Amino acid sequence: MPATAASAPQDNPSPKLIARDVNVYYGTKHALQHVDLVLNSGEVTALIGPSGCGKSTFLRCLNRMNDGIEGCRVEGSITLDGQDIVRGVDPILLRARIGMVFQRPNPFPKSIYDNVAFGPRLHGLVSGKDELDEIVVGSLRRAGLYEEVKDRLDAIGTGLSGGQQQRLCIARAIAVSPEVILMDEPCSALDPIATAVVEELIDELREKYTIIIVTHSMQQAARISQRTAFFHLGKVIETGLTEQIFTNPREKLTQGYITGRFG
Amino acid sequence: MEPHIVKSFDEALNTLHAQVSRMGILAEHQLGLSVQALVDRNDELAAQIVQSDAEIDALEAAANDQVIRVLALRAPVADDLRVVITALKIASTLERIADYAANIAKRSIVLTAMPAVPTVRPLQRLGKLVQGLLADALTAYHEGNTELALQVWTRDKEVDEQYSGLFRELLTYMMEDSRNITPCSHLLFVAKNIERIGDHATNIAEMAYFLATGGAIEGARPKNDTTLIHD
Ligand SMILES: Nc1ncnc2c1ncn2[C@@H]1O[C@H](COP(=O)(O)OP(=O)(O)O)[C@@H](O)[C@H]1O
Ligand SMILES: [Mg+2]
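So the protein lines, in turn, are chains E and H.
Last residue of the first sequence: number 884 in the working numbering, and the count goes up by one each step with no gaps.
Last residue of the second sequence: number 224 in the working numbering, and the count goes up by one each step with no gaps.
Think of the hints as simulated: they come from the structure by calculation, not from any bench.
All figures in this text were calculated on a predicted structure; none of them were measured in a lab.
You may find that some hints are simply not true.
Unchecked claim - Heads up, simulated SDA-like pairs for lysine to any residue below, C-alpha to C-alpha not over 20 Å straight-line:
hint: 1; chain 1: E; residue 1: LYS873; chain 2: H; residue 2: ILE(-2)
hint: 2; chain 1: E; residue 1: LYS873; chain 2: H; residue 2: MET(-6)
hint: 3; chain 1: E; residue 1: LYS873; chain 2: H; residue 2: LEU26
hint: 4; chain 1: E; residue 1: LYS873; chain 2: H; residue 2: THR147
hint: 5; chain 1: E; residue 1: LYS873; chain 2: H; residue 2: ASN96
Unchecked claim - Label-pair ranges, simulated between beta-carbon atoms:
hint: 6; chain 1: H; residue 1: LEU66; chain 2: E; residue 2: LEU854; range: 24 to 32 Å
hint: 7; chain 1: E; residue 1: GLU752; chain 2: H; residue 2: LEU66; range: 32 to 40 Å
hint: 8; chain 1: H; residue 1: LEU66; chain 2: E; residue 2: PRO671; range: 17 to 25 Å
Positions of the beta carbon are idealized from the N, C-alpha and C atoms, including for glycine.
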């Protein structure tokens, strides 16, 4: 098994998403409090922290998935390339630019081909069958799945192994050429080999995308990200280069969490 | 430091710490005794020192195994990682220090078989100084005392000064009377060994500083050795 190791962080990163003083409420519960965070293109940013600290809530802010949650209110500013995305953009169009991969692989009960073709069709990105074929094959290739499924593109997506399904979901996400990919614990349902394959894929995708990944595995965060943000009780306690966070964190709370001293 | 949620992790780190502590006590003791054996021309003591070296070697091997186990099973990060890495480096440094002490003891046996030369006092002084630095470096390591670590680090130049003085003194004895050449060459090596132990004490101080802060002691190391090439 090839050991995955994250590429080095960039010298002059360019900010893709900027969150300023973001507050999220579920009814009266103040789930995210004054969150400031910059997410750079060409980098993987890991969001870590104990369960319930607001990682998924933050991720959902980035592609407007909180919109559908009853009683949820988002305040503050989040910009994508300078454009405000908290208000005033069409969430459907936004989601073509910001794709998401979930914890449990969730392919549609359709063929492998149709799973990947779904987004481009929905967004009317293609003019003909040839172009669609090209996008499907290209996306499967970039997701590192094509060689394994090229002879059975008509087979049902849910029939693949867990690791393959997750890579299918990644292929589905990148088929619409997003600029940002959000991943909420994408490997927590995968075995170590499938995890290593997905981690290697994430490192390859890093160059072309802005990737934000929530993970409960400290080692995974250390392996695949260039930057890490530590969340605790709805606040961002510390952000920094992953190497710095894991060798010499500034905050006692961060240190306590990553070394397993509080739960 | 707060305990880990997984108690056996703390136990593993405590074991490692105990191994390195024991090595530190032994290595410092070995240094003191080796200079003592030399000054007193005590062959029995010298033989004992040479023998005790095996215990330190065994402790180092055990500490190595413990480090590998902790790295493989616990994947330590942040301050935990520094605890493990510094323990590994200090254990290997202490093993080297004990080797030097054993070498001094061996030379002491050779020297005792020859007529006495008058220079053992300054050697004793150098030995005391270095033993003190080693003790301070180990204290700095155990207590996380960065001030003390810095002190050891800057005081290494005193060792170099004394060593340079001794070097010149031994040269004059050798020039005075060629019969002094053999014993004085041995003494020169002994002085060199003690000086090297001083360097290692400085390394331990650097490790102690790194353990406590995650950073390196800044600035160039003070050097005052005027014997030029002596490495
Ligand atoms: N739909 C919701 N309705 C009410 N409270 C929610 C909802 N989703 C999350 N929360 C609360 O918001 C906080 C943050 O949750 P979440 O973002 O899921 O944390 P994480 O992903 O870090 O585990 C938690 O206290 C959680 O109970
Ligand atoms: Mg979550």
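Hints, verified against the model:
| no. | hint | in the structure |
| --- | --- | --- |
| 1 | E:LYS873 - H:ILE(-2) | holds, 16 Å |
| 2 | E:LYS873 - H:MET(-6) | holds, 10 Å |
| 3 | E:LYS873 - H:LEU26 | violated, 43 Å |
| 4 | E:LYS873 - H:THR147 | violated, 30 Å |
| 5 | E:LYS873 - H:ASN96 | violated, 45 Å |
| 6 | H:LEU66 - E:LEU854: 24 to 32 Å | holds, 30 Å |
| 7 | E:GLU752 - H:LEU66: 32 to 40 Å | violated, 52 Å |
| 8 | H:LEU66 - E:PRO671: 17 to 25 Å | holds, 23 Å |
In terms of the numbered hints stated before, the structure departs from hints 3, 4, 5 and 7, listed from lowest to highest.
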